[in-house]
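Number of protein chains: 2
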Amino acid sequence: MSGYRYPTDDVRFCLEHIAGIHRLTEHFPNYDSELLDPILSEAAKFSEQLVAPSNRAGDINWPTISDKAVTETPEFKAVYEAMCDGAWTTLSAPEEYGGQALPRALEVAVNEGIQSANLAFSLCPLLTQGAIDAIETHANADLKATYLPNMISGRWTGTMNLTEPSAGSDLSAIKTKAIPDGDGYRIFGQKIFITWGDHQMSDNIIHLVLARLPDAPEGVRGISLFLVPKFLLDESGEPGVRNDAYAISLEHKLGIHGSPTCVMQFGDGDGAIGYLVGEENKGLMAMFTMMNNARQSVGLQGLAVAERAYQMALDYAFDRTQGVVKGSPEKVVIAKHGDVSRMLWQMASSLSAMRALMYVASVESDLKGVDAKHQKRTDLYTPIVKGWMTELSQEIVSTAVQVHGGMGFIEETGVAQLLRDARILPIYEGTNGIQALDLVGRKLAADKGEGLKALIYEMSQDAESFVGHKDLFLAHLDQLEVAAKAILNGESVANTAAYDFMMMAGYVVGAWLMLKGCQSSEVKQDWQTKTEFYVNHLLPRANTHFAGVKSFNVEDQYNAELLL
Amino acid sequence: MSGYRYPTDDVRFCLEHIAGIHRLTEHFPNYDSELLDPILSEAAKFSEQLVAPSNRAGDINWPTISDKAVTETPEFKAVYEAMCDGAWTTLSAPEEYGGQALPRALEVAVNEGIQSANLAFSLCPLLTQGAIDAIETHANADLKATYLPNMISGRWTGTMNLTEPSAGSDLSAIKTKAIPDGDGYRIFGQKIFITWGDHQMSDNIIHLVLARLPDAPEGVRGISLFLVPKFLLDESGEPGVRNDAYAISLEHKLGIHGSPTCVMQFGDGDGAIGYLVGEENKGLMAMFTMMNNARQSVGLQGLAVAERAYQMALDYAFDRTQGVVKGSPEKVVIAKHGDVSRMLWQMASSLSAMRALMYVASVESDLKGVDAKHQKRTDLYTPIVKGWMTELSQEIVSTAVQVHGGMGFIEETGVAQLLRDARILPIYEGTNGIQALDLVGRKLAADKGEGLKALIYEMSQDAESFVGHKDLFLAHLDQLEVAAKAILNGESVANTAAYDFMMMAGYVVGAWLMLKGCQSSEVKQDWQTKTEFYVNHLLPRANTHFAGVKSFNVEDQYNAELLL
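Protein chains in written order, with the numbering used here: chain A, 1 to 564; chain B, 1 to 564.
Worth flagging that the hints you see were computed from the coordinates, not collected in a lab.
Warning: the hint list may mix true and false statements.
Copies of the same chain look alike in the list, so a pair counts if it works inside one copy or between any two.
Stated by the list, open to error - Below are the DSSO-like pairs computed for lysine-lysine, each with C-alpha atoms no more than 27 Å apart in a straight line:
1) Lys177 / Lys331
2) Lys470 / Lys550
3) Lys282 / Lys326
4) Lys453 / Lys368
5) Lys175 / Lys326
6) Lys485 / Lys368
7) Lys175 / Lys524
8) Lys550 / Lys453
9) Lys282 / Lys331
10) Lys68 / Lys175
11) Lys453 / Lys373
12) Lys550 / Lys326
No experiment lies behind these values; they were computed from the predicted model shown.
Turn these sequences into a full structure, and let the hints guide you.
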């Protein structure tokens with residue numbers, strides 16, 4: 001596998017010239033623009049030199065479980081220690097608990113590198129980040145002071161325990177129980193698909209667990225959130241007695257082999273001791289407030305894995321000699337063949353549009369506390385970042401395999417691993433079908449389309465100064481508005497048309513940001529050519545999805561029972 | 001993994017009411033229409049009951065190599081014996097050598113079942129079939145009489161040895177040597193990616209090997225084809241002395257684990273003894289004459305694997321209960337959710353269009369000896385069958401994983417295997433980029449578009465009697481003609497636009513056949529609904545590819561060096 005190269009120029013261009021990261025300086029006292037270059041440069045070194053070499057090991061040397069204890073891929077512990085030593089886990093965390101209080105957008109830039117370098121590994125600090133967010137936002141001061149500093153430093157990691165065998169997309173079906181006991185609760189139940197549910201890289205693991213109190217209302221309004229440490233803390237605040245919370249088996253998965261996916265048993269004996277986070281029966285809302293970040297992170301994973309696959313394909317295409325082209329008697333590298341160059345540009349154009357959206361959404365998310373406008377925009381972007389980007393990532397990793405020809409199918413080449421790893425992305429953290437429903441239901445319908453209208457207005461204003469493709473872009477913008485209206489007024493059936501609407505929105509927003517990038521005085525030739533390619537080859541897909549939205553216009557018009 | 005169900009009704013409908021298999025009775029004396037039902041019914045039993053249960057074993061119990069001998073997945077030998085005992089290997093072979101001289105279209109129908117049931121296994125008899133074709137068409141009478149009967153009965157299997165490390169898509173770079181020696185030749189060289197290159201299921205293995213004679217012209221005009229048996233025959237025609245042709249290693253692949261992919265060494269010692277097939281230096285042409293069948297077979301594999309994945313998704317969607325829908329307080333199976341039903345119909349519609357094309361192309365291929373028109377049509381269909389169908393198969397297997405949610409990512413569920421297996425299909429037997437070049441180069445340009453014009457004319461005539469979607473279909477037909485002209489007259493750059501043209505042609509031809517099916521008095525409701533879905537959701541993609549063809553209008557407009 002060729003070496004990973006952090007795409008510093010592209011990341012900086014997106015942050016500075018499309019997302020306008022300078023707007024964050026006034027809201028983040030610790031951040032000034034001088035910091036961007038050194039952080040990107042250190043992130044590049046860390047991900048390229050320390051993280052990337054462990055990627056293949058994770059694919060081959062799977063985590064093992066023995067006596068209810070999981071041992072991770074041997075090569076990972078040193079990487080994790082380097083991550084903590086470099087304080088990479090502390091970037092966006094509050095200073096009060098040892099964090100650097102920097103914008104999340106910077107953390108996203110750092111995470112892009114780590115996720116490209118080793119997706120399976122990256123999930124451990126990422127899930128910890130999610131747990132930190134939930135605790136910080138919802139837990140009481142005591143829990144925060146007790147748990148956050150060690151989680152932020154990376155000494156302890158965190159997990160999110162939502163799914164049960166009968167409660168996946170539908171969390172209302174959660175059965176895990178929480179019985180009040182003294183100051184705390186005893187948790188009983190089984191959770192599945194728990195990422196990094198157990199391992200030996202950290203001194204403690206802080207599980208956040210959704211469970212039901214006795215007599216809680218049925219459905220999602222009866223779910224509470226609990227903090228359940230692997231080791232209960234002793235009087236000095238250090239890990240002491242083992243809690244009754246164990247990984248009991250590991251899943252055998254298509255990809256991300258290095259990430260232990262655990263079945264977790266809480267309360268096989270006296271019950272796992274847990275502490276309430278936030279209010280009783282408000283657990284799902286606590287989860288939702290942190291879901292924007294988690295979902296955007298999965299979109300980022302799509303970008304990151306696809307970027308790595310693209311780089312491998314690019315390297316291979318300039319290394320592999322095969323065939324001749326018109327006007328050259330010598331055999332050429334395959335990158336010179338029309339169809340291979342088509343595939344390379346297809347990947348590169350998609351990636352730049354995805355990256356632009358990723359950093360625009362992350363800066364927006366950093367501003368969401370400033371006013372409702374930024375919050376709304378973040379709400380709107382999140383399902384598109386997660387859904388559209390992880391869909392595109394599937395195409396990119398598959399195309400990267402294709403560029404390799406027969407070698408792409410050989411595991412040692414390494415690109416097949418990325419295809420396997422990437423396949424989880426449209427599924428976890430809410431399937432893309434759920435993202436689409438979130439977009440048309442919660443995000444579009446909740447404010448009767450006002451948020452989208454504001455976005456469309458902003459895009460149309462920007463389009464006024466586009467040098468090329470202005471009319472084409474505006475026509476697509478009109479279609480997006482028509483599609484949104486059709487869904488809002490019920491002409492299109494929201495539940496069925498949701499996916500097409502999400503994809504359409506993604507392609508249009510991607511075009512906006514590519515064209516916007518072309519307006520920058522710093523734009524380079526490759527961005528302009530990628531934009532040309534995008535407008536001619538990716539944007540037209542929005543038409544297909546528009547046709548889809550329009551034609552889903554009768555309730556139950558496609559009854560699956562007819563297929564039986 | 002739920003049980004595989006051979007899609008008897010769909011296969012019969014495509015063969016009888018779209019492909020018009022009755023036209024074959026006058027050209028195949030052994031075939032009459034009464035045979036269709038019993039053959040499909042027996043094929044269903046064989047694939048469902050005898051082949052399908054071995055599929056997962058092949059994924060887990062990989063072939064092994066020891067002392068230059070490959071041992072296949074243990075469960076496979078009994079399946080292979082059942083296949084020979086059932087005479088499934090003899091269907092289309094000439095009677096003279098023990099075959100049944102039935103139409104190839106019937107064999108395709110049988111193979112669909114076997115490939116759905118176990119793709120990795122199916123490649124062994126399939127490659128044998130390819131070798132039989134090459135020998136039958138090009139070898140002298142003596143070779144035919146000596147080798148064909150045992151290959152047709154299945155006692156001996158066959159392989160195709162084309163690829164070398166530096167000669168993949170570009171066979172002109174082949175280096176393997178053939179030195180004349182008495183009546184035969186001594187072969188020296190290494191071949192890679194040799195499917196079922198060695199195993200213990202048959203008494204002998206007949207390798208067909210591309211190699212160069214001394215002083216052969218450079219390039220593809222200096223390649224000859226040789227028959228190289230694993231065991232040389234003794235005087236009674238039985239396998240005797242071991243030939244100097246050995247598998248020396250096995251590839252570790254993403255999928256089709258049960259199919260041993262060998263590195264073959266010919267002539268590590270005194271040279272592997274081989275016999276010339278056809279004329280000297282005409283080896284590549286010998287390969288090409290059988291490539292139509294082999295390439296159509298890979299298209300069939302796309303259909304077959306995708307069908308299996310779709311069935312698993314359908315079963316899961318009607319088994320898994322999750323969430324509620326409007327108007328029902330009870331939790332429902334996920335097939336009732338709009339987005340899941342969208343995915344199921346997307347798969348089902350694509351599959352029916354693919355199946356229609358598959359059987360139309362195979363009946364056409366059976367008629368290609370009758371007149372030049374059928375030969376031309378077969379030439380045109382072949383790259384579309386291979387390219388378009390294997391591209392669609394990727395989307396279908398991935399969608400089938402998606403329907404399974406988190407369970408789709410767990411290997412034990414079984415659908416992930418199909419995603420891994422399917423990924424080879426756009427690559428082998430000529431990558432889809434090569435198929436596209438074949439379509440616009442050899443097939444379109446060779447007769448200045450006459451063959452395509454005839455097909456477009458036939459489609460437009462059929463469209464006259466379409467009840468719905470006539471105008472929409474005709475508009476797409478016009479676009480296809482415009483795109484073909486643009487490529488032929490150089491307005492679009494053929495090499496770069498080829499892929500988009502191939503995909504566009506696939507979607508339009510698929511629409512034609514779906515709509516044609518709707519004209520049949522035997523059409524059922526599900527076919528009609530699938531056609532509606534296809535026209536509204538799949539056909540619009542042709543517009544995107546049309547935009548692609550048009551916009552690739554400048555030579556070298558996307559230079560990949562800009563991406564470095």
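Each hint tested on the structure:
1. Lys177 / Lys331: between (67 Å within a copy, 21 Å between copies)
2. Lys470 / Lys550: both (24 Å within a copy, 19 Å between copies)
3. Lys282 / Lys326: between (67 Å within a copy, 25 Å between copies)
4. Lys453 / Lys368: within (18 Å within a copy, 58 Å between copies)
5. Lys175 / Lys326: between (67 Å within a copy, 24 Å between copies)
6. Lys485 / Lys368: Answer is within: at 26 Å inside a copy they meet the 27 Å cutoff, but 53 Å across does not.
7. Lys175 / Lys524: neither (55 Å within a copy, 44 Å between copies)
8. Lys550 / Lys453: The answer is within: 19 Å in one copy meets 27 Å, while 33 Å across copies does not.
9. Lys282 / Lys331: between (66 Å within a copy, 22 Å between copies)
10. Lys68 / Lys175: For Lys68 and Lys175, the Cα distance is within 27 Å only inside one copy (22 Å; across copies 56 Å).
11. Lys453 / Lys373: So Lys453 and Lys373 pass the 27 Å test inside one copy only (12 Å; across, 56 Å).
12. Lys550 / Lys326: between (45 Å within a copy, 21 Å between copies)
The structure is inconsistent with hint 7 alone, although it conforms to all the rest.
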